[in-house]
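Sequences are here, hints too, so could you generate the full structure?
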Amino acid sequence: MKLILIRLVILVAVILAWEFASGALIAEFFISKPSKVADVLGRWISNGDLFYHAAITAFEAFLGFLLGAAVGIAVGLLLGRAKRLAEVLDPFIMAFYSLPKLALAPLFILWFGIGLEMKIVLTATICFFLVFLNTYTGVRSVSREMIAILKLMGAKEGHVVTKVVIPSAITWVFAGLRISVPYALIGAVVGELMASNRGLGFLLSSAAGDFNTAGVFAALVAIVALAALLNYGVSVAARIAMPWERTTEKREFSI
Amino acid sequence: MKLILIRLVILVAVILAWEFASGALIAEFFISKPSKVADVLGRWISNGDLFYHAAITAFEAFLGFLLGAAVGIAVGLLLGRAKRLAEVLDPFIMAFYSLPKLALAPLFILWFGIGLEMKIVLTATICFFLVFLNTYTGVRSVSREMIAILKLMGAKEGHVVTKVVIPSAITWVFAGLRISVPYALIGAVVGELMASNRGLGFLLSSAAGDFNTAGVFAALVAIVALAALLNYGVSVAARIAMPWERTTEKREFSI
Amino acid sequence: APTAAQDQKVVMSHSTKSFAFLTYFAANTMGYFDDLGLEIEEVRTGSGSKALAAMVSGDADVYLGSTATAFKSREQGVPIKIFAPIVRQLTSSIVVTRDWAEEHGVTKDSPLEEKLAALKGARIAISGPGSGADQAARYVIAEAGFDPDRDVELVAMGNNAATYMSAMQAGQIDGFSTSPPHIHIAEQEVDGVILINMAAGELPALDGYFYIGMMARDGWLEDNPDTAARLAAALKMAMDAVHDPERNAEVGQAVYDGYYSDMDRDLFQRVWEDQTMSVPTTLDMDDQTMRDVIAFYNRFSDQQIDENLISETVTDEATTAATALLE
Amino acid sequence: MTRVDDPVTDLIVFENASKTFVTPNGPVEASRDINLTVERGEFITLVGPSGCGKSTLLNMIAGIFPPSGGKVLYDGNPVEGYNGHVGYMTQNDHLLTWRTVAANIAVPLEIAGLSRGERRDRVAELADLVGLTKFVDSYPSQLSGGMRKRCALARLLAYSPETLLLDEPFAALDAQLRLRMQMELRSIVHSLGKTVLFVTHDLDEAVALADRCAIFTRGPGTIRTVLDIPLERERDLMRLRHDPRYVELTATLWDEMAPDIAEEEAV
Amino acid sequence: MTRVDDPVTDLIVFENASKTFVTPNGPVEASRDINLTVERGEFITLVGPSGCGKSTLLNMIAGIFPPSGGKVLYDGNPVEGYNGHVGYMTQNDHLLTWRTVAANIAVPLEIAGLSRGERRDRVAELADLVGLTKFVDSYPSQLSGGMRKRCALARLLAYSPETLLLDEPFAALDAQLRLRMQMELRSIVHSLGKTVLFVTHDLDEAVALADRCAIFTRGPGTIRTVLDIPLERERDLMRLRHDPRYVELTATLWDEMAPDIAEEEAV
Ligand SMILES: Nc1ncnc2c1ncn2[C@@H]1O[C@H](COP(=O)(O)OP(=O)(O)OP(=O)(O)O)[C@@H](O)[C@H]1O
Ligand SMILES: Nc1ncnc2c1ncn2[C@@H]1O[C@H](COP(=O)(O)OP(=O)(O)OP(=O)(O)O)[C@@H](O)[C@H]1O
Ligand SMILES: O=C([O-])O
Ligand SMILES: [Mg+2]
Ligand SMILES: [Mg+2]
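Those protein sequence lines, which keep their order, are chains S, V, E, W and Z.
Numbering of the first sequence is given in the numbering used here, commencing with residue 9 and proceeding in unit increments.
Numbering of the second sequence is given in the numbering used here, commencing with residue 9 and proceeding in unit increments.
Numbering of the third sequence is given in the numbering used here, commencing with residue 5 and proceeding in unit increments.
Numbering of the fourth sequence is given in the numbering used here, commencing with residue 64 and proceeding in unit increments.
Numbering of the fifth sequence is given in the numbering used here, commencing with residue 64 and proceeding in unit increments.
I should point out that these hints are in silico values taken from the structure, not numbers from a laboratory.
All values derive from a computational prediction rather than experimental measurement.
Think of the CB as a built atom: it goes at the ideal place given N, C-alpha and C, for glycine as much as any other residue.
No false leads were slipped in.
Using 25 Å as the maximum straight-line C-alpha spacing, the simulated PhoX-like pairs for lysine-lysine come out as follows:
1. V:K109 to S:K109
2. V:K41 to S:K109
3. V:K91 to V:K164
4. Z:K134 to S:K258
5. S:K41 to V:K109
6. S:K10 to S:K258
7. W:K134 to W:K257
8. S:K109 to V:K44
Simulated restraints, written as ranges between beta carbons of each label pair:
9. V:L19 to S:S54: 50 to 58 Å
10. W:P141 to V:I23: 43 to 51 Å
11. S:V244 to W:P141: 47 to 55 Å
12. S:S54 to W:T160: 47 to 55 Å
Some chain V residues well away from chain E (every beta-carbon gap over 10 Å; in silico):
13. A21
14. L24
15. W26
16. K41
17. A46
18. W52
19. Y60
20. S151
21. P175
22. Y240
23. S243
24. A245
25. K258
Set out below in structure tokens:
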């Protein structure tokens, strides 16, 4: 409760400072006043634009995130357990990771079109690497002792993975997911900037093309809000997936 | 040795497949033949272009990376140790993190110009979040017991941080750094795409603007090579910073 | 020609390497800036808003961009002025795929009305909403009697023309609207058909539209009146050279060498011949032209620009001084 | 050591087995020339100075690593990889920190594929056996040291491996509980005919439980002597203290193990 | 328990101290109504069933958590936060896995700000004391269980806190080493006048080392009896076995601790 209050106070302070700075310290052309941003948002809400475009972006980001995260976790587990394979593939993975996706826009479009698929694939690609790398590191740092203990109990690879590797690495997996959430939104928006006529990225670029700064900021606010929502979803998933963690923080400790 | 051989075989296979696919399966206009890419690279190497532009991009990426990583580690340590503060600031940090940097290009340019600073700041911003989030998670998962043990020895916060927190969280920090390396390059290149007349991003965008696909791919190859170099640097740093880790992998274990 | 005592450095920002900046390219490659003691550093940003930001931030001195931008900026409190004209033609033209053209029974040479009528339902890529390409496309569509928001699908695809080609190739769009030489490259590389060549003045109502100008901060103009004059003078020298039948080919070669050497030479020649008419003949920027710009902008924008802004947004000091300089 | 004729009764055989760990600071010799034959159904206790290689010996039987010299045979075959016939309660408890006590005990049952109901019953039974019924829902970090050990013991007993390797299983327990656990262990082992290797520092315990007791030299350790414990297989641990054979055996062991102390005492 | 007059000698005072852990599965009562007064320079051993709250008691002195009821005073003041006057060797060794043995022992010396040279000398001395000289460059994961404990002990002895809290420090050591360590500990403690609280499950050890021995009831534990050990402060641990007072005291403790066993034996 108190926490939320402090955050609110900060938020209000930031908004007020911004309201006064805009126009006074920096031209509204570049940073528009929060009040004007609110106006635009209000307009978009009342005419349904916001919901329409946000829903599209959210859909792309969410699906891309799910896809990228799922593949990232799976490949992270696989390569984390198959050290040789990981070593062989490492330079290739890092090479692909290092490619600026923006520069590949023509190829993305050629292969995946300009519709939802392209944005989902782009988002998934970005999320994949972030989730994969963290999952992989997590799996590599699972205690060998613990795995040995399980193997002695007759555990097959599947048991080892579900009973030791995943629980040990799950903090890493969720760190990867949390890192990916904003990139999921960014990926969808960048995809929309590459090609689209709907979505928050489109709203953003229309506003930018119009030099409608308030519109740009309104679109950014909507993007941030969506990210917060998706982020919240991941937190909830983390709490469900790691019941022991929740209690760890609260648990009294003894040494 | 054998490892490098296997990688080489794969690399050669990929290049050959690519050489045959280009033109046959997909127009060279979109994916150019490796032989032509090599031609372009050869030309850029012999006329010094490659070294000149790569040096600029490397400089931006490296400085941005250092800056972003340093601030990310520092803030990660600070907030990881100051739980209340972290909770208060969390939504604001995530909000900033969720902003698509591409959409903020005009603001970046307005504040930091179109020179090296802008690219360094952009790169640093991107790296900051990736390093910060991992460092923070790492610091949060340091064993409370260990900290208590140290405090009982009369350790001040500084001792706790240097003797327990950093060594415990360092795998996380390096995971964050490894995740950032390609983004450092991507950040510098995207910065150059935003505005520049030098650097690999400039080479890339001029080639793209000229529909010189071989040039685009040559620039991408150079970017990937730089990323590999920077990545190697981070690996070396990791090995130096975590002597116990190096031996852990090699160390025989007993239970 | 007059020369200055020492070279003055001018950082020039613009979006992409398109024929929309032809006059400037000509002046630069012909060495007119050098001749006038100006050392040009060129920065390309990929989009107009970034190029503008570079100028406003002070990192760039001069911005080459759409004249509408200047009004829009000034309206929102950014004090910049247009001080010289670059191109007087809305260069953004529409190219479509051959399949689409055949399906709709039109060719490059069909009457304008037929071509316009065929556009209904087409998916056309533009760089971004609000961009020159977007406005040109909307104008054309409106001219055809359709609603740009409903009857045609305008897809924003950024400033990378390779992306347009990919999308065309992949059958994702029917065509796109952009400036030369990209339309011509599409014609050659992906078998496109230039449907409406506005850069060549095909749409009479927009013929002579003052599309691209040279802009700078008020402060910079006050501090560097002489530099501004020399910039304008160099442009005028380029205009003269381009429109001089004797020297036209020479200028074309210079532009080709300086900017388009990766392009097929024949193709370039075609574009060049097509486009030289977009280069103005004079430095004039009369009020009526400016009112046309505002009217054109207001037609497709939520926000409306007030004509009263013209006087403070356009200055003829540099062009006047340039004329004097050249005499 | 000579090969024994009946391979079926010789369950575990060490033949000049040595283990040298390769470390960046050079080799560390943990065991040297271990020779030991364990028959099926035997209860062997291992005693010796700290660091002499007792855990190393168990590790080799479990197949955590092969000997760097000599042979370790299990049921006639060299141990290669994890030895699925043994259950190992290690010196560190190695509980899964993210699972409750009940879920930890259930791990081997899950691996064995028992149904949820069967698991629940068996876990309850085992938790009762080790006195953790009230703590089945606690996480390891919420247990006392002795409770963690007991949880590990329950987990080990949850499945029924042929051979039990126990590394100081009762060191953290109080005398009373330790006695109860010793009795439980002997009764389980005896009734199910398990083979046991049991490391302990408690010489009384080493005698009380064993059929034979292997005594290590100071590390790099080898087995100095194997002491026969000619007590009945069915023995009453509670009354053992009064058995003169037991008293004598512990004295012998004490002399073997701590000659210095024994000397001093003899003064 | 009545307050003692001289507050200077009463270093540690428990007044009806209780500890109940709050857990998501409800409260766990670990200690109940602990009353104990420890004088400066006393050597107290704590014995009791597994899970009765011995470690919890040490935790409260160290200030890991406050009592949930009653008071814990150190030197006259309630313990608030980490108690800088105590050194604590916990039941788990809690070594820093990323540091070698030498570097682990050096931690408190670094905190105290000793120079590199001083640290090196002191570490060498301590490593020798606990018999780890050959292993100073090993990492904890390369040590045997007993060696890890000894490393933790050396780390504790590296600095000189007023009070030592030792939680089963010698449980993982063989008889001989244990005796040596016991003698070292008593001599250090005696010469430097340290106060010690020492948890053990070894009743012989509990008598041999202590000035007084606190006996816990089964958990939620309270202190049932505090047994006085009227042996000389300067005692020869090696010959203690022959001291009839010692034999009787251990018998008493045994009876106190394991009435069931004692009963059975009495039959
Ligand atoms: N993984 C390892 N790497 C290097 N050396 C090791 C490793 N494991 C054990 N050692 C060394 O092997 C020797 C024997 O260790 P082991 O754990 O077998 O002793 P132990 O007899 O079980 O001792 P304790 O009674 O203290 O548990 C020790 O010197 C130890 O340092
Ligand atoms: N952090 C904790 N959270 C919840 N309960 C705890 C916690 N620490 C200890 N307990 C409980 O407190 C009780 C006493 O534990 P404590 O560790 O003090 O026992 P102990 O006497 O040291 O036992 P042992 O001899 O087995 O080490 C136990 O029931 C234990 O489950
Ligand atoms: O371009 C980015 O992926 O942020
Ligand atoms: Mg051991
Ligand atoms: Mg305890």
